[in-house]
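Protein chains: 2
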Amino acid sequence: MSEENIVYIGNKPVMNYVLAVVTQMNNGAPEVILKARGRAISRAVDVAEIVRNRFIPDMDIENIDISTEEIAGSDGANTNVSTIEIHLKKDN
Amino acid sequence: MSEENIVYIGNKPVMNYVLAVVTQMNNGAPEVILKARGRAISRAVDVAEIVRNRFIPDMDIENIDISTEEIAGSDGANTNVSTIEIHLKKDN
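Residue numbers (the numbering used here), protein chains in the order written: chain A, 75 to 166; chain B, 75 to 166.
Same shape as in the complex, but just chain A:
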């Protein structure tokens, strides 16, 4: 088992990420962290909710952190983007 089980949420369909989380937990990972930024934040919440409601009922949302990252734009100007980290933990 790797030390950190992180699933980065991007623009793919929600079920791709749900499957990634379910697979990691079924392979013995006790904790999986979802990371997303900008508009993908809503999708990260969807992933956590779908995993908990439909696939792994004994999983808890242990902690949710939000933060801000500075991203360098192509024109040299920096813009701020919000980020989220959702820590999922399976009761064993």
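Keep in mind that the hints were calculated from the coordinates and are not lab data.
Be aware that one or more of the hints could be misleading.
If chains are identical, the list can't say which one is meant, so a pair holds when it fits in one copy or spans any two.
Below 30 Å or equal to it, Euclidean Cα-Cα: the simulated DSSO-like pairs (lysine-lysine) are [to be verified]:
no., residue 1, residue 2
1, 109, 164
2, 163, 109
3, 86, 109
4, 86, 163
5, 86, 164
Please build the complex by placing chain B on the supplied structure of chain A, with the hints as guidance.
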């Protein structure tokens, strides 16, 4: 002061909601709750981050809850939508 200071995040520009939160806190509300669902979830996170980083540095994100709501569609079918509640608290 009202018992509950809730700001519902919809499709308006982010700064509208930032102003609503800042105004409520400046009027003495120690705690403001942001509520959003679906795609507005990302905007709710933006609002919390902008208030904390630019306007009220002594404000903490006390707690974040996510959940799922069932919404009745116009065709009678129900769809699930993710929701978020961000609890903001001012240190006094």
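Hint check:
{"no.": "1", "hint": "109 with 164", "in the structure": "both (18 Å within a copy, 27 Å between copies)"}
{"no.": "2", "hint": "163 with 109", "in the structure": "both (15 Å within a copy, 24 Å between copies)"}
{"no.": "3", "hint": "86 with 109", "in the structure": "both (14 Å within a copy, 26 Å between copies)"}
{"no.": "4", "hint": "86 with 163", "in the structure": "within (23 Å within a copy, 35 Å between copies)"}
{"no.": "5", "hint": "86 with 164", "in the structure": "within (25 Å within a copy, 37 Å between copies)"}
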